[in-house]
Amino acid sequence: MTVLTDGLDITAQARYALKELEPDDQGTVMNEHAVETQTLVKRYGTVTALDRVNLQAPAGRIYALLGPNGAGKTTLLSVLTTLLPPTSGSARILGYDVVRDAAEVRCRIGVTFQEMVLDPLLTGRETLDFHGRLYRLPAAVRRQRIAELVELVQLTDAIDRPVKSYSGGMKRRLELARGLMTDPQVLVLDEPTQGLDPQNRVNIWSYVRDLNRRRGMSILLTTHAMDEAEALADLVGIIDHGRLIVEGKPGDLIASLGSDVIRVRGNGDFQHLATVATAIDGVNRVETDPADGLALIYTDNGSRRLPAVLNAISNNGFAIEDVTLARPSLGDVFLHYTGTALRD
Amino acid sequence: MYATYVIWTRHMRKFVQQTEELVGLALQSVLWVVLFGVGMRGMISDVGGSDYMSFILPGIIALSALGGAVGGGMVLLDERLRGIVKEYLAAPIPRLSILLGSAASTATKALFQATLMLIIGLLMGARLAINPVGWLGALVLLAIFAIGFSGLALGVAAISRSIAGYHGMIFLFNLPLLFASNALYPLSVLPGWMQVIVLINPATYLIDAVRALAFGVEATLPLWASGLVLAVFAAASMAFALSLFQRSLRA
Ligand SMILES: Nc1ncnc2c1ncn2[C@@H]1O[C@H](COP(=O)(O)OP(=O)(O)OP(=O)(O)O)[C@@H](O)[C@H]1O
Ligand SMILES: [Mg+2]
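Residue numbers (my numbering), protein chains in the order written: chain A, 1 to 344; chain B, 1 to 251.
Next up, chain A with everything else stripped away, as it sits in the complex:
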């Protein structure tokens, strides 16, 4: 786990944390980065959408970029997929520079975009076939891939219908299949489950996990859903206001916060609450997000400290609405590093 304090360079600690990851589950050593950026900056006029981002996603892993709306996730993926040139800094996919070696990069990546980009008039099969032809895949290969992928994403019955008759979940699955048509080494997914029902979300998660486990595909995805990052990611990068604030294994990020967290929702003087709670024995740290009516009280042992904490808070005129005691989550990590809770 590392904090990229000024975004200028990744700390020694970060290099260490990433090294640790390298020998993967199968015991092979990955020494190549699927994605690597160096002080990457992207400005739209006066808006700085990416602010000196240093990201390193090892090959063969699932990396989730977690951030709220407007954080710069789509912008980062656009630069990585060669759709947008960076303002300054550089980015490499499998060692190929996204500006200089754009053609090499394009041959090796599969992409799904945040919005659905499907031609409603084509059938599912035509969509996949056209995509394969764009990449000059021979007809026999296209036929075989389509057969495999249609089965993988469970579109067998609908594949010859026009895309306009598909549901949102079916469209997403078709887009995923399209991204996989060229058997990419790196798969880039921008909010792959946005707007899908729980069943479709879980399906997509299982395809993504499968592709990674079975084929060793490197996957970079963005999300603003904590559960998605928790369910999928080997590595998480938290991005806010264009800055990559922290990256690491989810378990490490969470563990760094302490053992237990008491989450208190309610109304009152949050500053005062923080002062009072911090003074209690066994409380490590207090974080508040008054806008959201939320306080997080990190302790060495939640159940033991709970009575003292509640007592102190309510005696000081704070109206408690809800209390939960839990192990910290990625959501708490987000609040810890950005100062605000992540809302969907």
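Hints listed in this document are in silico derivations from the structure and should not be mistaken for laboratory results. Warning: the hint list may mix true and false statements.
Cβ pair distances, simulated, as ranges [to be verified]: (1) Ala147/A / Tyr5/B: 23 to 29 Å; (2) Glu151/A / Thr19/B: 31 to 37 Å; (3) Glu151/A / Lys14/B: 24 to 30 Å.
Quick caveat, the model's predicted, so the values are computed rather than measured. Beta carbons: idealized from backbone N, C-alpha and C, even for Gly.
Knowing the structure of chain A, use the given hints to seat chain B with the ligands on it.
Coordinates of chain B with the ligands only, in the frame set by chain A:
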């Protein structure tokens, strides 16, 4: 470029499948010829030695190709606004092939429409010269012309932010093209200053050449010059489209 061909086939597949567009285009052709032909024939019986139907047909064909180019730009604009164009942009293909694919499908549709119009024109009394090589030449020039106007329309489509904005811009150059040409009246009857304007318009060269090649009318302008003007126009307008398209991607 192979990608141009792939994109062209995609547009064609949609064109053939979408019966509304196909039928619409066919009906449009019929209407143009019938309305223009019948309406104008009542007033003017012959122009410069040829019957009015033969005179007006090349102009109608050229103008309908303009309409086709506007439609082709619309397709790119629609794909841009919906994000479909990202699929092309992330693929290992040259940016130019995306535009050429669009222009090629516009040209194909223009040829389809021209053929229909010729047939209807003939049924309505136009007299085609018996000169198959000339016909072929006329169609080739028409295709080049269609690519040229596709370039302009694609360039505008590449930078338009909305459909209304696109149409507003297109209207600016569409209207003069119709009237400031030799489509409706022969070059020789126009006053000198007007002739200068008409000679800037690429449609004039196409129409003059088609009259000469397909209808056996004596050319007002040398054929080689018309061919050259159209080729240069097509190349320049595709370059224009590419530079605006690339600029829009750098945003
Ligand atoms: N084409 C553009 N022109 C100007 N500003 C833009 C453009 N695209 C994005 N931005 C701005 O850049 C910032 C980052 O946007 P981006 O789309 O990358 O965020 P995001 O993390 O993908 O958000 P979301 O979760 O809403 O998709 C935002 O402030 C956005 O308004
Ligand atoms: Mg986004």
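Here is what the structure says about each hint:
no.: 1; hint: Ala147/A / Tyr5/B: 23 to 29 Å; result: holds (25 Å)
no.: 2; hint: Glu151/A / Thr19/B: 31 to 37 Å; result: holds (32 Å)
no.: 3; hint: Glu151/A / Lys14/B: 24 to 30 Å; result: holds (27 Å)
Consistency note: the structure conflicts with none of the earlier hints.
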